[in-house]
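A.B. asks: Hey, can you piece these two chains together into the complex? The hints should help.
Going down the list, the sequences are from chains S and Y. Counting from 1, position 8 in the first sequence corresponds to residue 8 in our numbering; the numbering is continuous, with no gaps. Counting from 1, position 47 in the second sequence corresponds to residue 47 in our numbering; the numbering is continuous, with no gaps.
In case anyone wonders, no lab produced these hints; they're calculated from the structure. Cβ atoms here follow ideal geometry from the backbone N, Cα and C, with glycine treated the same way. Errors might be hidden in some of the hints.
[Claimed, not checked] Stretches of chain S that chain Y covers, calculated by requiring three or more beta carbons in the stretch to come under 8 Å of a beta carbon on chain Y:
{"hint": "1", "region": "91-98"}
{"hint": "2", "region": "104-112"}
[Claimed, not checked] Here are the simulated DSS-like cross-link-like pairs (lysine-lysine), alpha carbons at most 27 Å apart as the crow flies:
{"hint": "3", "chain 1": "Y", "residue 1": "Lys28", "chain 2": "Y", "residue 2": "Lys4"}
{"hint": "4", "chain 1": "S", "residue 1": "Lys247", "chain 2": "Y", "residue 2": "Lys120"}
{"hint": "5", "chain 1": "S", "residue 1": "Lys247", "chain 2": "Y", "residue 2": "Lys4"}
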Amino acid sequence: MSKIINDTSIKTMHPAVKFLINFAVPILFLIFVVLCIPLSGFTNTYLTNEIIARLARDSFLILSLLIPVMAGMGMNFGIVLGAMAGQIGIIFVSDWHIIGLPGLILAMLISTPLAILLGYFCGVMLNMARGREMVTGFMLGFFMNGVYQMVVLYGMGKLIPISDPTILLPRGFGIRNAINLSGIQHSLDALIPLKIGQISIPIATFLLIAVFCLFIVWFRKTKLGQDMRTVGQDLEVARSSGINVDKTRIISIVISTVLACYGQIIFLQNIGTVNTYNSHEQVGLFAVAAILIGGASVARATIPNVFVGAILFHMVFIVSPRAGKELIGQAQLGEYFRVFVSYAIIALSLALYAWRKHVEKENLRKQTQILNRQALSSHGKAVGGNES
Amino acid sequence: MKWKANLIRIALVLLLIVFGVYLYKIGKERDIFFDNKEIALDGQTYSVTSSYFVYVDGKKVGELYQDGRQATMLINGKHKIVLESLTEDGESTGQKVEYSFSMGKGGCILNVPAMLGGVKNFILPPEPVE
Numbered sequence: 001m002s003k004i005i006n007d008t009s010i011k012t013m014h015p016a017v018k019f020l021i022n023f024a025v026p027i028l029f030l031i032f033v034v035l036c037i038p039l040s041g042f043t044n045t046y047l048t049n050e051i052i053a054r055l056a057r058d059s060f061l062i063l064s065l066l067i068p069v070m071a072g073m074g075m076n077f078g079i080v081l082g083a084m085a086g087q088i089g090i091i092f093v094s095d096w097h098i099i100g101l102p103g104l105i106l107a108m109l110i111s112t113p114l115a116i117l118l119g120y121f122c123g124v125m126l127n128m129a130r131g132r133e134m135v136t137g138f139m140l141g142f143f144m145n146g147v148y149q150m151v152v153l154y155g156m157g158k159l160i161p162i163s164d165p166t167i168l169l170p171r172g173f174g175i176r177n178a179i180n181l182s183g184i185q186h187s188l189d190a191l192i193p194l195k196i197g198q199i200s201i202p203i204a205t206f207l208l209i210a211v212f213c214l215f216i217v218w219f220r221k222t223k224l225g226q227d228m229r230t231v232g233q234d235l236e237v238a239r240s241s242g243i244n245v246d247k248t249r250i251i252s253i254v255i256s257t258v259l260a261c262y263g264q265i266i267f268l269q270n271i272g273t274v275n276t277y278n279s280h281e282q283v284g285l286f287a288v289a290a291i292l293i294g295g296a297s298v299a300r301a302t303i304p305n306v307f308v309g310a311i312l313f314h315m316v317f318i319v320s321p322r323a324g325k326e327l328i329g330q331a332q333l334g335e336y337f338r339v340f341v342s343y344a345i346i347a348l349s350l351a352l353y354a355w356r357k358h359v360e361k362e363n364l365r366k367q368t369q370i371l372n373r374q375a376l377s378s379h380g381k382a383v384g385g386n387e388s
Numbered sequence: 001m002k003w004k005a006n007l008i009r010i011a012l013v014l015l016l017i018v019f020g021v022y023l024y025k026i027g028k029e030r031d032i033f034f035d036n037k038e039i040a041l042d043g044q045t046y047s048v049t050s051s052y053f054v055y056v057d058g059k060k061v062g063e064l065y066q067d068g069r070q071a072t073m074l075i076n077g078k079h080k081i082v083l084e085s086l087t088e089d090g091e092s093t094g095q096k097v098e099y100s101f102s103m104g105k106g107g108c109i110l111n112v113p114a115m116l117g118g119v120k121n122f123i124l125p126p127e128p129v130e
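So here's chain Y without its partners, still in its complex pose (with noise of 0.2 Å):
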């Protein structure tokens, strides 16, 4: 019968694009920001204590200075960021910190200084825009 042909036809479209759209959500790279600032959470302030070089997944983002910012794309799911702390003379210690994060909705501003001091949550949301 052709409307059952044309059914199935249908069905297969509309896989299709649910399909597309699950390619969208899980190869969609967001920008994700690494803070080195001083922050207040829950009552608590988390200092900066040094400068790192920052690596997620194995690359090089870029050198991540006190109070200062780095930014780099990533897709959804876990990575791996590892941070290799620096002297004033931005030279390596050989000191290394490694930390698995998750992406997902929401929040795109890693704090360092609250990742290294434990919080849970340190993945925060974007800041509104004035």
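Looking at chain S on its own, in the form it has when it is part of the complex (with noise of 0.2 Å):
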């Protein structure tokens, strides 16, 4: 009889062994990181300075792939519709002139109508979908950037008045490449700024970043968090519990949508730069890609996963094109290297995960199969006895 490998014998193994098992990914990286760093030449305090900056710029982003997880909607590859809509906002701010945590504040109030819109959208064809909302939500990614590419490029200036010469193109209607953000830019990290030597620590956006955390801690211990759970755990359970499912689904979505295009607009705050028709495309990637290197799983993604994600992949970000260019020569091949980490490791943890699933399923069979013959077997003893 072949070796049943399951929950049950993986909680035989030896603690060690089982850590290995279920974080291999973040264990690979950081193995990755350490080598990296000595031949990348950085000193501690660029690399700490970076990883803060990188961390109060992407974070809001990660975490808001937490609810839809939660919800058993897996990685929600749809929140770049959450981040077309925050552009949107910051592009009617950046032609009003308002500057500031003003700005910042209104881009939000104005980009949260549409992503809900966007949000229900992608709900609605994710229940559609069931069963393969991950793929669908990439190709709905791939949908409303040609439906955006098309509002801000010929719409915009036309239909939506946009009066700013600096950002409109100059034959008078579309949207530039690139929007300067000078108004707005760093109006959250500069809010409450702190330096302890030569690092610079933005506060306030890591307050919110603590104020999100905290609203995911509560929201799961509400009815509605609740509800998530027991449709993420099971949908035929909890349709019969009375959970309208669909519709948690799609709040789940619509949460997730609005989340990640305020973490969009606290990421171009950053940045200081829009890339109207770029900055949005790769958003969805980095950040599934950042939360599963971070040990999460389709099924399951915990807030220390978005963190440890978010430090590993920035840090292989940050060391790669140098580590490369020190031990081949070519600096653009560790950038290679980076972007086919950054690809392969999204396959490779979908790969497991959908590996551990079969395996599981195969045992359940074969347990079954085996409780099946020890009952006819025992049967026809009693029969044969019966008879005798």
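C.D. replies: What follows is the structure, given as structure tokens:
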């Protein structure tokens, strides 16, 4: 009889082995980063500054992935829709010359209804594609990218009034490739600045991220949060418990999309420039890669996964071009390697998750067969005994 | 009761709209022009005395030569303007004059000779478009 590897047998494994299996991906990344840091030649101060800045910039976006995972929707690649909504809010605020924190908050206010609409549309589509949510979300991102580009390239300036010539293309309609956000740049980061030696820490941004983390912890304990967890665990059980499964799934996507919208605005205020047609494109992919690197899976993701993943992912971003240059002689190869790793990690994590699900299914089937055989043989013995 | 919940939701949405309008008002930048031109106000003429470097809220706007104009964008509220005198060669004399002013509705042309002459309302309305 082939060896059965399942949750029970995993539980009886040595804790160290169990830890290595469960956290294979972050461990691999940690080893890679530890090897590359000395090769890159960057100082600790520089790396610390970069990681803090990138954590402040990206954590909000990655945290927005947690709620759909809770509801069993997998990794929400549809956060791209939220990012687009955020960018549209930023475009309007830039056109109206609203600067500073009022501009940032106004951009969030303007883009919220759009993000809710896009999130609802995404949720309805994902409900129709039950079991294939991730790839559907991915495709929805591409589809909405086309709609977004049509609106921004042809609608703005003509149908949607935009008056600032520094934003409009010379032809009179369409938005330029890059919009300078000098008005709202660092408006959140510089609100409560803290400098420890040469290390700058944007306290206000981290406070906002902390509030979001507390929101997630609180949300899990609410009725809606519990409904989402139930839906995530078993749809049929949730339905028979009286939970409106479709509505709950849509709400989870709407919340995720709105939070991704705010995350993109926080990201852009840190960067200081909007690449109108590109900024949103890799958002879903990089956020998903980061959370998977942090040890999350399609079915389970926690807040520590977000921060561990963000740190490891960005470390790879920072050190691999220089490490590649020192090792191979070409920084570009290090850059290619980083891009390859970003895409490969998603594929690896999804493949591992699918493999594990398949093994569990097979083991369950074998266990059922064994039990059936045992039941038949004991019944046969009982009948034979009676006959004799 | 459902109508009560809907009423609260509508009230919250209206509150958000009002908040948005408030953010628009306090955050909007408007053009302001600094004129270094002779001006006659209330029967008195205020002449140009010098050229200046103009600083607003610590940021340099530019050089303001005689009969010249500089422009920048500012939000509503109080601002500090510093004028640093220039020689005829465009070099700084080291002399600085500091004023506070409020941006609000109406005026967007700050006349420097009027401001230096002690006029209270030295921010003038925009010129009519011909």
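A.B. asks: Taking the numbered hints from earlier one at a time, note which ones the structure violates and give those numbers from smallest to largest.
C.D. replies: Hints 3, 4 are the ones this structure does not satisfy, whereas the remaining hints hold.
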